[in-house]
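Engineer: If you want the building blocks of each chain, they are given just below.
Number of protein chains: 2
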Amino acid sequence: MNSQLTPGLNDIFAYIDEHAEMFLQRLIEYLRRPSISAYGEGIGEVADYIAGVMRQMGLAVRVVPTDGWPMVFGEYHARPAAPTVLLYGHYDVQPPDPLEEWVSPPFEPAIRDGRLYARGVGDNKGQHFAQLLALESLLACGGTLPCNVKVLLEGEEEVGSPHMPAFIGAHRDELQSDLVIVSDGPVHENGQSTISFGVRGVLNIELRAWGANRDLHSGHWGGIVPDPLWTLVHLLATMKNERGEITIDGFYENVEPLSELERQALARLPIDVDEVKRSLGLRRLDEPKERGYFERLAAWPTLTINGIHGGYGGPGSKTVLPHEAVAKCDIRLVEAQTAEEILAKVIAHVQRHAPEVSVISYGGMDPSKTPLDSPFTEPLRQAIIAAQGAEPLLVPAKGASLPNYVFTKTLGIPAFGVPYANADESNHAPNENMEVARFFMGIKTGVAMLSYLGALPNTGMGEEQKVSEDGK
Amino acid sequence: MNSQLTPGLNDIFAYIDEHAEMFLQRLIEYLRRPSISAYGEGIGEVADYIAGVMRQMGLAVRVVPTDGWPMVFGEYHARPAAPTVLLYGHYDVQPPDPLEEWVSPPFEPAIRDGRLYARGVGDNKGQHFAQLLALESLLACGGTLPCNVKVLLEGEEEVGSPHMPAFIGAHRDELQSDLVIVSDGPVHENGQSTISFGVRGVLNIELRAWGANRDLHSGHWGGIVPDPLWTLVHLLATMKNERGEITIDGFYENVEPLSELERQALARLPIDVDEVKRSLGLRRLDEPKERGYFERLAAWPTLTINGIHGGYGGPGSKTVLPHEAVAKCDIRLVEAQTAEEILAKVIAHVQRHAPEVSVISYGGMDPSKTPLDSPFTEPLRQAIIAAQGAEPLLVPAKGASLPNYVFTKTLGIPAFGVPYANADESNHAPNENMEVARFFMGIKTGVAMLSYLGALPNTGMGEEQKVSEDGK
Numbered sequence: 001m002n003s004q005l006t007p008g009l010n011d012i013f014a015y016i017d018e019h020a021e022m023f024l025q026r027l028i029e030y031l032r033r034p035s036i037s038a039y040g041e042g043i044g045e046v047a048d049y050i051a052g053v054m055r056q057m058g059l060a061v062r063v064v065p066t067d068g069w070p071m072v073f074g075e076y077h078a079r080p081a082a083p084t085v086l087l088y089g090h091y092d093v094q095p096p097d098p099l100e101e102w103v104s105p106p107f108e109p110a111i112r113d114g115r116l117y118a119r120g121v122g123d124n125k126g127q128h129f130a131q132l133l134a135l136e137s138l139l140a141c142g143g144t145l146p147c148n149v150k151v152l153l154e155g156e157e158e159v160g161s162p163h164m165p166a167f168i169g170a171h172r173d174e175l176q177s178d179l180v181i182v183s184d185g186p187v188h189e190n191g192q193s194t195i196s197f198g199v200r201g202v203l204n205i206e207l208r209a210w211g212a213n214r215d216l217h218s219g220h221w222g223g224i225v226p227d228p229l230w231t232l233v234h235l236l237a238t239m240k241n242e243r244g245e246i247t248i249d250g251f252y253e254n255v256e257p258l259s260e261l262e263r264q265a266l267a268r269l270p271i272d273v274d275e276v277k278r279s280l281g282l283r284r285l286d287e288p289k290e291r292g293y294f295e296r297l298a299a300w301p302t303l304t305i306n307g308i309h310g311g312y313g314g315p316g317s318k319t320v321l322p323h324e325a326v327a328k329c330d331i332r333l334v335e336a337q338t339a340e341e342i343l344a345k346v347i348a349h350v351q352r353h354a355p356e357v358s359v360i361s362y363g364g365m366d367p368s369k370t371p372l373d374s375p376f377t378e379p380l381r382q383a384i385i386a387a388q389g390a391e392p393l394l395v396p397a398k399g400a401s402l403p404n405y406v407f408t409k410t411l412g413i414p415a416f417g418v419p420y421a422n423a424d425e426s427n428h429a430p431n432e433n434m435e436v437a438r439f440f441m442g443i444k445t446g447v448a449m450l451s452y453l454g455a456l457p458n459t460g461m462g463e464e465q466k467v468s469e470d471g472k
Numbered sequence: 001m002n003s004q005l006t007p008g009l010n011d012i013f014a015y016i017d018e019h020a021e022m023f024l025q026r027l028i029e030y031l032r033r034p035s036i037s038a039y040g041e042g043i044g045e046v047a048d049y050i051a052g053v054m055r056q057m058g059l060a061v062r063v064v065p066t067d068g069w070p071m072v073f074g075e076y077h078a079r080p081a082a083p084t085v086l087l088y089g090h091y092d093v094q095p096p097d098p099l100e101e102w103v104s105p106p107f108e109p110a111i112r113d114g115r116l117y118a119r120g121v122g123d124n125k126g127q128h129f130a131q132l133l134a135l136e137s138l139l140a141c142g143g144t145l146p147c148n149v150k151v152l153l154e155g156e157e158e159v160g161s162p163h164m165p166a167f168i169g170a171h172r173d174e175l176q177s178d179l180v181i182v183s184d185g186p187v188h189e190n191g192q193s194t195i196s197f198g199v200r201g202v203l204n205i206e207l208r209a210w211g212a213n214r215d216l217h218s219g220h221w222g223g224i225v226p227d228p229l230w231t232l233v234h235l236l237a238t239m240k241n242e243r244g245e246i247t248i249d250g251f252y253e254n255v256e257p258l259s260e261l262e263r264q265a266l267a268r269l270p271i272d273v274d275e276v277k278r279s280l281g282l283r284r285l286d287e288p289k290e291r292g293y294f295e296r297l298a299a300w301p302t303l304t305i306n307g308i309h310g311g312y313g314g315p316g317s318k319t320v321l322p323h324e325a326v327a328k329c330d331i332r333l334v335e336a337q338t339a340e341e342i343l344a345k346v347i348a349h350v351q352r353h354a355p356e357v358s359v360i361s362y363g364g365m366d367p368s369k370t371p372l373d374s375p376f377t378e379p380l381r382q383a384i385i386a387a388q389g390a391e392p393l394l395v396p397a398k399g400a401s402l403p404n405y406v407f408t409k410t411l412g413i414p415a416f417g418v419p420y421a422n423a424d425e426s427n428h429a430p431n432e433n434m435e436v437a438r439f440f441m442g443i444k445t446g447v448a449m450l451s452y453l454g455a456l457p458n459t460g461m462g463e464e465q466k467v468s469e470d471g472k
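Heads up: the sequence lines are chains A and B, in that order.
Counting in the numbering used here, the first sequence runs from 1 upward without gaps.
Counting in the numbering used here, the second sequence runs from 1 upward without gaps.
Treat the hints as calculated values from the structure; they're not laboratory data.
Keep in mind that the hints are not guaranteed to be accurate.
Identical chains share a label here; the pair holds if one copy fits it or two copies do between them.
[Stated by the list, open to error] Pairs of lysine-lysine residues, derived as DSS-like cross-links and limited to a Cα-Cα distance of at most 30 Å, are as follows:
(1) LYS289 - LYS345
(2) LYS289 - LYS277
(3) LYS409 - LYS289
Bound conformation, chain A alone (with noise of 0.2 Å):
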């Protein structure tokens, strides 16, 4: 492994500067086809047209039936001795909602300034059509791919993913591979690109407190009759005190510290904190002060209260005792923490303080992690630089969650991320957009990482293997 360009890599980008036009039409035509998981809206079509792409490329191609929407899973066999890629998205969309908002209307793409305006340009049509595109373009012109190549594009990924960790645990073997890659989100707030190797895990729970069957008067029944607000107050009081720390009984016992390669990562990751806090109106970071900004993301679990409902909440005052209440809170995991674990302490630490309030589970997902010096970091940072000219950062661990952990842990890969899109590409949000030059971009980082993964030694995988039609 060197930094020189892989033989053949520039003819390569040269094909595509010469078809950007083409394959932007395609993307083009690609966004105009709404796929909104949350309504049902499309998914189906889009799940056999993408697929129909994907076998005009020369993959073979399933759309594997699940309960809920289709798997499109493409494979493409180069030779035995090749790694074998994984490479994940998802060819579902957010609803567009407020349509109000949009200059140009969501699934009529239009281009302004350097960038193409449509719901789903980057999440996550542009980013894995680019993916596509550049096995397109590697077999256009070379007859073959470096590496072997399993494609899976999930249909449920906006509505939380709720079919992929069974889908993924019944076709272990169809999937197994060498890593994944993920290229979703955005790259880094200051423009570079970035390879992460983590993401936190969630829980999300609702705690929900009784008072009286009904609500009262606090004048006449105050100092009697316990107040649910006070019980949900005193419990959460008891899972987080004013330091930052979780208090929840044996909550930090799975921790796992970071690694020293970890550490080093984060110091480099570039942030005007003093900046973050104008823009968002700030005093202070939270609690607690001495930890630094991107380790509080990747090294550190997180307790939020998203929402506490309960009792009077219009203008002026109310003397209510209120009968109910309901906090609604989401816990952030690290690594080796997981959600059924979790969710049992929370259980357990609630029966101890506050037996009376129930605990509801909306579900969870592990966190991920792969090692900063696995072998795929070194030609995955190689083909970033040869394809966009300049160095990555290393991102240990995201704070946000993904289901990385289904090829983390399910299937015991390596997880890559490498996102194409602009930081400011309005994912979920109204005039959703990705730089045109960053799709380009993204179709030559991807030809760059298959052919700099298909340099390295052989990895004895690449056995053919088949998805059953029935999904089973």
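Mind docking chain B on chain A? Use the hints.
Structural biologist: Frame of chain A, contents of chain B only:
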């Protein structure tokens, strides 16, 4: 003073029985006239109407403007040596919503099963009209009253009596009396008559906390950006502990302990705690466990969270880090706390524990208490026995709040609550009602109270006083 009927009382009771139907029809006439202070509907007209009724009875009446709705003030000067009794009531009523839940329309009084149904019948027209008819009956039978009498009817009680304190302060001399009697609210739950000697004060506050200048994704920002719901939880947890003790610095320092007489009276109040718990669906009473039921209401201040609202409150989960959160609280005060003192202590406490949280005051009122061994207690007790044939319960203080401090503190006179309405009067609710028999009993009780008070030794009060027309 003795427990024999004051000479002539039986004759007046007979007069009341003879005129019962006419009295009832006149109450119905009064109830037909809406006087909803919250909407300003009919208030001015009803002030004039009831002033006219009082004039016809022989009182000197003024309708005194305030910055809100007018006060109706009537006087009858009997003889200088007699005590002067101030009768307070209010001619405004609650809004009748929800209209569809009324069996008969709120302003078309209807009698069913011995109860008169109409908005305001219990709260408070039926009760102060009984007092007025007591004056009329005494005058009809004896040509004069046994006491000097002042009648003050307010038009803004249902909107929190915003102009009472200033009015009382400005008219201290004209309103000066030996005692005030307030007939409002219900008798004891078990149907026994009561004389109440106090009410708790109240202070209404709002605590408002901010995080970022907009809602954020808890995965991207959790651990970096402070959560205003946590800020409120931690602040509130410093204001009251799990054992039910209010921990605002200096909170209890002006609380006066109960007198021995008050302790004995509280111990005599009947209560079936198991039935209360059953009817409200409670597993336990509020902390602290060791407090007696009525001691909780009469002797202890409370800090009730009326509402907390912030962040997501819909179904399922949403991983939002909210930007704002609000808690509304009321603090019930006991002798000799004041709303002003406690607001200052809350502000100082918040300043010390969470200076970024803002404290908004929605006003309050001081507590009020009259000693159980007041020289007027015994004549009032005898009067109730004479009119109703049963011993009243003595209630040292009720849990709710009324601006009685304007009498006990601004005027410096003892205040007695002698309610006539049944416990299930449904005031502030649809199908407000009063047992017809209780209305007649109220008239007789009014007669008896004035008669027994008139038999007391001279007090030297009773000089002619005038309330000026312009309310200054």
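Engineer: A separate judgement is required for each hint: does it hold in the structure or not?
Structural biologist: Status of each hint after checking the structure:
1. LYS289 - LYS345: This pair counts as both: shortest intra-copy Cα distance 26 Å, inter-copy 29 Å.
2. LYS289 - LYS277: within (14 Å within a copy, 46 Å between copies)
3. LYS409 - LYS289: Neither. Shortest intra-copy (33 Å) and inter-copy (50 Å) distances fail the 30 Å Cα cut-off.
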